[in-house]
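Engineer: When you get a sec, could you build the whole thing from the sequences and use the hints?
Chains as they are written, first to last, in my numbering: chain A, 1 to 335; chain B, 336 to 618.
Keep in mind that the hints were calculated from the coordinates and are not lab data.
Per label pair, the in silico range of CB-to-CB distance: (1) A:Ala-195 <-> B:Met-522: 56 to 64 Å; (2) A:Arg-242 <-> B:Thr-380: 47 to 55 Å; (3) B:Leu-349 <-> A:Arg-242: 13 to 21 Å.
Okay, derived cross-link-like pairs now, DSBU-like style, lysine-lysine, Cα gap no bigger than 35 Å in a straight line: (4) A:Lys-223 <-> B:Lys-508; (5) B:Lys-508 <-> A:Lys-253; (6) A:Lys-253 <-> A:Lys-129; (7) A:Lys-331 <-> B:Lys-508; (8) A:Lys-246 <-> A:Lys-129; (9) A:Lys-223 <-> B:Lys-342; (10) A:Lys-246 <-> B:Lys-342; (11) A:Lys-129 <-> B:Lys-342; (12) A:Lys-234 <-> B:Lys-342; (13) A:Lys-223 <-> A:Lys-331; (14) A:Lys-303 <-> A:Lys-88; (15) A:Lys-126 <-> B:Lys-342; (16) B:Lys-342 <-> A:Lys-253; (17) A:Lys-130 <-> B:Lys-342.
Ideal Cβ placement from N, Cα and C applies to all residues, glycine included.
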Amino acid sequence: MANTTTVARGGGSSAPGRRRKRPGGPARPSGLPSWAVPYVLLVPGLLVIAGLLLYPMVQLVIISFQKFGIAQQRGRPADWVGWANFEKILSTELFWTSLRNTVVFAVVAVTLTLVVGTAVGVLLHKLGKKMSLFVVIGCMFAWAIPPVAQAAIWRSLFDADSGIVNWALNLLPDWLSQALFGRADWTGEPWLNDAFTVYVVLVFCVVWAGFPFIAVSVLAGLKGIPNELYEAAKVDGSGAWRTFRKITLPLLKPVFAVLTVLSIIWDFKVYTQLHILLNGPTNREAFNLSMYAVAEAFKPPPKMGTGAAISIVLTIILLIITVFYVRQIVKQEEM
Amino acid sequence: MNPARRKRLGRILLNTAGVVVFLYAIFPVYWMVSTGFKANDQIFTTEFIPFPTSFTLEHFSRVLTEGVANNSIWLYLRNSAIVALGTVLIGSLFALLSATAIARFRFRGRGSFLITLLVVQMLPSEAMLIPLSVMIRRVGLGDQLLGIIVAQVAVTLPFGIWMLRTFVAAVPKTLEEAAWIDGASRMTTFWKVLFPLVAPGLVATSIFSFITAWNDLVFALYLMSSSEGYTMPVALQYFFGQKGVDWGAIMAGSTLMTIPVVIFFLLVQRRMVSGLVAGAVKG
Numbered sequence: 001m002a003n004t005t006t007v008a009r010g011g012g013s014s015a016p017g018r019r020r021k022r023p024g025g026p027a028r029p030s031g032l033p034s035w036a037v038p039y040v041l042l043v044p045g046l047l048v049i050a051g052l053l054l055y056p057m058v059q060l061v062i063i064s065f066q067k068f069g070i071a072q073q074r075g076r077p078a079d080w081v082g083w084a085n086f087e088k089i090l091s092t093e094l095f096w097t098s099l100r101n102t103v104v105f106a107v108v109a110v111t112l113t114l115v116v117g118t119a120v121g122v123l124l125h126k127l128g129k130k131m132s133l134f135v136v137i138g139c140m141f142a143w144a145i146p147p148v149a150q151a152a153i154w155r156s157l158f159d160a161d162s163g164i165v166n167w168a169l170n171l172l173p174d175w176l177s178q179a180l181f182g183r184a185d186w187t188g189e190p191w192l193n194d195a196f197t198v199y200v201v202l203v204f205c206v207v208w209a210g211f212p213f214i215a216v217s218v219l220a221g222l223k224g225i226p227n228e229l230y231e232a233a234k235v236d237g238s239g240a241w242r243t244f245r246k247i248t249l250p251l252l253k254p255v256f257a258v259l260t261v262l263s264i265i266w267d268f269k270v271y272t273q274l275h276i277l278l279n280g281p282t283n284r285e286a287f288n289l290s291m292y293a294v295a296e297a298f299k300p301p302p303k304m305g306t307g308a309a310i311s312i313v314l315t316i317i318l319l320i321i322t323v324f325y326v327r328q329i330v331k332q333e334e335m
Numbered sequence: 336m337n338p339a340r341r342k343r344l345g346r347i348l349l350n351t352a353g354v355v356v357f358l359y360a361i362f363p364v365y366w367m368v369s370t371g372f373k374a375n376d377q378i379f380t381t382e383f384i385p386f387p388t389s390f391t392l393e394h395f396s397r398v399l400t401e402g403v404a405n406n407s408i409w410l411y412l413r414n415s416a417i418v419a420l421g422t423v424l425i426g427s428l429f430a431l432l433s434a435t436a437i438a439r440f441r442f443r444g445r446g447s448f449l450i451t452l453l454v455v456q457m458l459p460s461e462a463m464l465i466p467l468s469v470m471i472r473r474v475g476l477g478d479q480l481l482g483i484i485v486a487q488v489a490v491t492l493p494f495g496i497w498m499l500r501t502f503v504a505a506v507p508k509t510l511e512e513a514a515w516i517d518g519a520s521r522m523t524t525f526w527k528v529l530f531p532l533v534a535p536g537l538v539a540t541s542i543f544s545f546i547t548a549w550n551d552l553v554f555a556l557y558l559m560s561s562s563e564g565y566t567m568p569v570a571l572q573y574f575f576g577q578k579g580v581d582w583g584a585i586m587a588g589s590t591l592m593t594i595p596v597v598i599f600f601l602l603v604q605r606r607m608v609s610g611l612v613a614g615a616v617k618g
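Structural biologist: Listed below in structure tokens is the structure:
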């Protein structure tokens, strides 16, 4: 891991600057003045980012203030409705349940992913070389599975009739199951009918697919901590937990900051897995913000205006979180 | 307990934990693959059947020959491949040019461009979908694979540039200068010197874009209205039919679409980690 991370830090990217400052220097036969070269190289990338990301963002804001239905999609000019779309969504209960689902799910899923991921990262660091590689390869599989397939797998594990989760819960001694869940019989338990249990399944799915990234990143961070620090701690008689709290955690703080923010962003906008678990935007009780926005904008009759308004709310939340991400990265990296 | 025994016990505990984590990670994957090979009576049962004792290729052959939603699965695989490869081809070229500009030159607006890259990566594609679908339909690309490719290039390019710039920066500047001194033009230098050295990075970014485009459900689902244009993820959801779920077919189909992703992923996962966590991980 060590060599790739040094590459990623972009060592040496600060050097080139000095060399460029020779406008009158030996003519380079590209026909372009030196100062123009980077801009010419940037044109395609800039066009895509400006035209397909920033301009649509502006369009999204505009649409959110319009009544934008099927006729407008065909090119009919849209009516300006001011804040009506926002007022409408803020007064619908569905918006608030979606927001609640989004936030509660993100808090639970991010916490669990980070805890499991960190624990596994520390474990990988302690394991021998071969064993560590073995476990990492297993984790890579979980990470690599496409979201659609992830959701299909977890849906099958939690299937009411043939899922092995119900089978496993039935194996529990009745008194234990009774004490833990207040019931003993799990035969045919339909996990995906109720919004709350859908999110239970989604948490399982997302934590399982998400922990490897955390684990591998934490492992890379741990490998970067000089061994002398731990030796010194040992000499001073520091225990394992104390060493972890006083050395490991503070040194890994920047890693955790980035991992936390990234996980929050990803879990806030989770869509695909929820779509598969719910069979599309059907159970409104279980909507999160992205699904609510998509359902509003695309389910006939399409109401792109209100869909856009919901998207704006989601985007603003994500942009606020992104600020922390950008600040961390800028701090870490000499760009 | 003496220290040697304690140490051995610790080893055993650690390794046991390692095996548990391995099983936790791999079991659902194993379940997907093995269900695809199980006969229906072993799938639709309340019992736990760890190994497909009734090993059958029935689901795979059914998925491959019968297809779903009136089309053969090969059409969906082909559509997915077109979208993913199209995204890679256009995206990689653009990413290489932009990454070279960022890594090789200091220019006005460089810092703001980098920050823009970081920010737009985080925009939710479900939000972008609304204006993009309107725009893509307006320019006549609605219901066409090219429309999905355009959306995918937009989504994958920022991270592609971000990742690739570190590879360009790692190529020593002196190599290019030597070529200049020998009289090579900027273009020749770019293609003959820089390009071969950046090739591994280009492969890594391409694979990243490929996986993102190959996995995408949202754009493919809402930009396409006719089933001829569906990609694999869209087609897969049709196996969850009205008449009950055909688990054998779903798992066979999921396995088919997962194979290329896993192969590619194992090749580049390190780059993805370092690209996302960037400087925060000091290697």
